[in-house]
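J.: Here is how the chains run, residue by residue.
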Amino acid sequence: MSLKTSNSSTQNNAPVRVGFIPLIDCAPFVIAQEKGFFIQEGVDVVLSKEASWASIRDKVAFNLLDGAHMLASMPIAASLGIGTIKTAMQTSFTVSHNGNGITIGNALYEQLQSFAGSSAEMRSGIALKKFIDSRDDQAEPLRFAMVYPYSSHNYQLRDWLSRAGIDSDKDVQIIVVPPVKMVDSLKQGEIDGYCVGEPWNSLAVEQGVGHMLVTGYEIWGSTPEKVFGVNSAWAEKEPERHLAMIRALEKACAWVDDPKNHTELITILSHPDFLNCTVEQLVYGFGSIKPKGQFDWPMEAYQRFSGHETNKPLPSYALWIMAQMHRWQQLGKIDSLSDVAEQVYRQDLYFKALGVEDASDDSWRLSAEEESEWLVAVDGGKAHFHADDSSRKKD
Amino acid sequence: MSAPPVKELTVMLVDNEPARAAIVEQAMTDSGYRVIRRLENAKNLTEAVTEYQPDMVIIDIESPDRDMLENMSRLTKDNPRPIVMFAEEDDSHHVEAAIRAGVSAYVVDGVQSGSVKALLQVAIARFREFHALRSELESVKSQLEDRKLIDKAKGLIMKHQKCDEPAAYQALRKLAMDRSQRMTDVARNIISVMELMGGSR
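Those protein sequence lines, which keep their order, are chains A and B. Its first residue numbered 1, the first sequence is counted upward by one per residue in UniProt numbering. Its first residue numbered 1, the second sequence is counted upward by one per residue in UniProt numbering.
Rather than coming from a laboratory, the hints here were simulated on the basis of the structure. Keep in mind that a hint or two might mislead.
Said to hold, decoys possible - Computed cross-link-like contacts, DSS-like style, restricted to lysine-lysine with a CA-CA straight-line distance of at most 30 Å:
#	chain 1	residue 1	chain 2	residue 2
1	A	Lys86	B	Lys117
2	A	Lys49	B	Lys152
3	A	Lys49	B	Lys117
4	A	Lys49	A	Lys290
Just so you know, these numbers come straight off a predicted model, no measurement behind them.
Turn these sequences into a full structure, and let the hints steer you where they fit.
T.: Listed below in structure tokens is the structure:
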């Protein structure tokens, strides 16, 4: 059984305050609460719906929240003081992998048709590159949107553009648009394309507003997307409750991934307290249903919440994220990226929470010299990340 | 000639709560700031910031548009950055007070920290005042709702028991005391039971 009865000495009985953004990958938090997984583990949790990642970050930093549904890069950015005051945050639990995609609007798609020699050129961005080169220098730059400057969406979009030879700072303009406003912004012509999680790619296709070109999986392989991030000071003060929440979230993730629960899952998530949307909008978020369109999602690209060590924190991915921050001029000088990765992505606590043997390994660690080489390789677009075998490969 | 003229600081206020925005704008204007734009719907927030180049942006912490500003902050030195970035150790309680009050601020490089603090204080005070006003309004509203419920329940009892108003009121009161419930809760129960029995019409 769980530790809930063995440790009744928790002095603080106030509920744990956890923030979430109403996106489909908040599902494990909502399910852990609504299906009683938190309570079964003896933890009283209050979920708080937040309107922006900035709000999640500030409230966790200033103790208005203890932890939250976070982008995998957020605990790293906060711990390094990038874009915010330096506050130690950490994660010992990966909530989801994958689910992102890049979609462009109909108008741009039509213009690219004559530049695409093949559908591969359309999907790789080569057609986009040719189109940009053909344009007048005075033309308004094309505008792409993503969800947050420190996000896989920003980095995947920039990576995809740069592989096609497009300078993501000079040749296009990249702005932030909140996910719920993406499809509408595309429809209104305020943006030409975007990188976002589901269901916002599928909905653009279904509504005939845009064409999806590529999934995040095809750009990066299978990678962590959201994590359970907490204020490190809280984690130190409340280790039992922290670990109990990890156990609850692991059960919730398995529940979310079980197809027989999908109808109930979608019904719960659509509630005004959570995503406040129609059940129909959520169908594309889970399982293998996708709208009819010119593009088929590879099975591996679907969002995944459990199995295959999905929930294990990957310090190697923290290194990858820091290299992305470096590549896109967000990162200052850091003495040891590996030390940061180890402090922020805590594998040891994950194993401890699940009561299994500590299988933390440090094969991912890099020496100072290797780190410098690694940053150069990533900056030049000459390195890839493969979470499936937890290794970094250079071309 | 005494001190050199201090540059008038320009503040962009982004708030989709029009009543609060008006209060905050007035207070900031009274304190000598120039409020250059008050955007209720920050659809073109990025363009507006680029065009008006405010020294500070004050935005509701609950606004979904904050993430747009987060992105601007990395582009150039002149773009506003979140106030938390500027907080020194001893300032962090200012920032915390701001966050608790629901104020978030973005500031460009080179603005004196004293000016930031003074502005924050104005904004925090007005946000709090607005919260207080709103909760007062809500409590008045809920008192009115309570009154309506009790009146409706009384009416149902009078009709059902063929009694007068004081008797119906006494019956309600007794029920509430016997069950140690609030009058409103008892009234709500009576209404729903009567409606179930079709007795409300």
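J.: Are the hints correct? Go through all of them and say.
T.: Going through the hints against the structure:
1. Lys86/A x Lys117/B: The given pair, whose Cα atoms are some 20 Å apart, holds under the 30 Å limit.
2. Lys49/A x Lys152/B: This hinted pair is violated, its Cα atoms lying about 36 Å apart.
3. Lys49/A x Lys117/B: With Cα atoms ~29 Å apart, Lys49/A and Lys117/B stay inside 30 Å; holds.
4. Lys49/A x Lys290/A: holds (27 Å)
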